[in-house]
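Protein sequences, first through last, are from chains A and B.
Mapped onto our numbering, the consecutive letters of the first sequence carry residue numbers 1 to 208.
Mapped onto our numbering, the consecutive letters of the second sequence carry residue numbers 1001 to 1365.
There may be inaccurate statements among the hints.
As the list claims (entries may be wrong) - Here are the simulated EDC-like cross-link-like pairs (lysine to aspartate or glutamate), alpha carbons at most 20 Å apart as the crow flies: (1) B/K1170 / A/E203; (2) B/K1191 / A/E203; (3) B/K1280 / B/D1079; (4) A/K94 / B/E1179.
As the list claims (entries may be wrong) - Derived Cβ-Cβ restraints for the label pairs, each shown as a range: (5) B/K1062 / A/V195: 24 to 32 Å; (6) A/V195 / B/D1120: 27 to 35 Å; (7) A/I137 / B/K1045: 40 to 48 Å; (8) A/L149 / B/H1178: 53 to 61 Å; (9) A/S31 / B/K1352: 34 to 42 Å; (10) A/S31 / B/E1140: 48 to 56 Å; (11) B/R1276 / A/V172: 53 to 61 Å.
Treat the hints as calculated values from the structure; they're not laboratory data.
By construction, the Cβ of each residue, glycine as well, lies at the ideal position given by its N, Cα and C atoms.
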Amino acid sequence: MKTMLNVALPKGRLGEKVYDMFERAGFPCPSIHENNRKLIFENEAAGVRYFWVKPSDVAIYVERGAADIGVAGKDILLEYAPDVYELLDLDIGKCRMAVAAPRDFRDNPQKTLKVATKFTNIAQTYYSSKGRDIDIIHLNGSIEIAPILGLSDVIVDIVETGTTLRENNLEVFETIVPISARLIANKSSFMFKSVQIEKLVREIGGAR
Amino acid sequence: MTLNDKTLKNDERAIFALRSLYDRYGYSRYKMNKFEEYDLYVRNKDFLISDSVITFTDTNGKLMALKPDVTLSIIKNCDDAEGTVQKMYYNENVYRVSKGALGFREIMQVGLECIGDIDDYCVSEVLLLAAESLMCISDEWVLDISHLGILTDIIDSLGVSDEQKKRIIKCVGEKNLHELDLICENNEALKALITTYGDAREVIKKLSLLPCNPKHTEELTNIAEVLESCGLSDKVRIDFSIVDDIKYYNGIVFKGFINGVPSGILSGGRYDNLMRRMGKKSGAIGFAVYLDLLEGLGDEKNKFDVDVLMLYDENEPAANVCRACARMTECGSSVTAQRKIPQKLRYKKLMKLKDGEVTVVENNA
């Protein structure tokens, strides 16, 4: 039996773009275009199996070996710090992790800064590198309203075009780190499926 | 009593195989107490895989810990003896928080330590035992070897700050080329190091072009030659992405992988730096095998829970049931005697016992 390469793709537009890259790199799986609710697609001839998972879960699938490789945003990799290889920057899904606040916000370094975010690790690491004392408020969504309602002073979140921020009277104060989609691989799978993974990296890396 | 393969689980089988392997090479079993003074771990927190430790106050008021690690205790109790080497192995439960998991777990760990005047032979022997340990567990294994000296030589040649150094080591561990450019310039040697991995001979050939201490390359070459002469060259690879904390480790470090287990199952290296931190003059090398990872491996999906289900009714004398069951176990079948068929029990044969007579009612084999 041929060894299959298991690939975790992030559900959504980004994942579709990523699939196209993989297809061009010689790992096609036409059944993925069928319009149904299936989550796993296989092409035995090409030796590849794709599955759609929630973008923030890709790193977990890869770290625990359910997927050999996957594509995850740098934000997720920074937040969860999975023990995986980060083989390529795919240069898509580009945005940045930033600190945003209401336009009239002035930082008072004598006070503890209240930070609302989904990315508590990233926020913690960023502010502790600056030696700033902060109070982290973990939220799961609609982060933008936290400073408006006085729940926090600033937010740490992903900024793509900045439209959501503008519409809520917020603006970017500092950029923490640029974000894009990365190709990651399980460290053990890399040992045993290195030929396939290296081929993929070469093809995708060369095509850009 | 005889034990057959069916009785032993993967990890239990591995424990016996590993212990007998280490015994054969003259390593003596180091049996220890489950508790250790907490102080020992506070001073070497980064050495531990997770820094959470289960603590309690002993009757004398001392703060104690359930061992999260064995190596530190062994070092603490070893004496420096010039010219000799102490060889020990252990098989102990340790208590730690696994990454991403909530709460403590009890983890069975087997490992060995070689402490004293370490020479090339000692290093080779430990690596051979690491390879043989992997062989005991599975046919599909890989042992990755790196030399931290080579990595630090190249990083030091760049003249970067400690902060940058940390980030560079992280990139090397991730085989991450694209972010190296953001950290430092003139990083060609580092990139070469990341992209050079695999067959030992090939890698060593390329090392001569990199700015590293020839002593380190020579050490790696010697070890690779020994492993090759033992016929292991196709499963032993050099890969510099094996990075361990340079505060504790130096020289050769290695990691073993088994196909089907998502993370390294064996991990070890030369830890002279840790010895110095603990006030010892000797050198040391060792490794640990994380047997908890074996649990999910090759789960032979047992089709049957038991070979024979022996049905009897309440009028059957107990002595008859005992005799009938004994006959089954004597010929090597497992048997469960029940008055009713238990729900969800998967049995090979269903037998009925009536007035001492056994009849086969159903055969699923």
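Taking the hints in turn, this is what the structure says about them:
no.: 1; hint: B/K1170 / A/E203; in the structure: 25 Å, violated
no.: 2; hint: B/K1191 / A/E203; in the structure: 19 Å, holds
no.: 3; hint: B/K1280 / B/D1079; in the structure: 8 Å, holds
no.: 4; hint: A/K94 / B/E1179; in the structure: 15 Å, holds
no.: 5; hint: B/K1062 / A/V195: 24 to 32 Å; in the structure: 55 Å, violated
no.: 6; hint: A/V195 / B/D1120: 27 to 35 Å; in the structure: 33 Å, holds
no.: 7; hint: A/I137 / B/K1045: 40 to 48 Å; in the structure: 28 Å, violated
no.: 8; hint: A/L149 / B/H1178: 53 to 61 Å; in the structure: 39 Å, violated
no.: 9; hint: A/S31 / B/K1352: 34 to 42 Å; in the structure: 51 Å, violated
no.: 10; hint: A/S31 / B/E1140: 48 to 56 Å; in the structure: 30 Å, violated
no.: 11; hint: B/R1276 / A/V172: 53 to 61 Å; in the structure: 47 Å, violated
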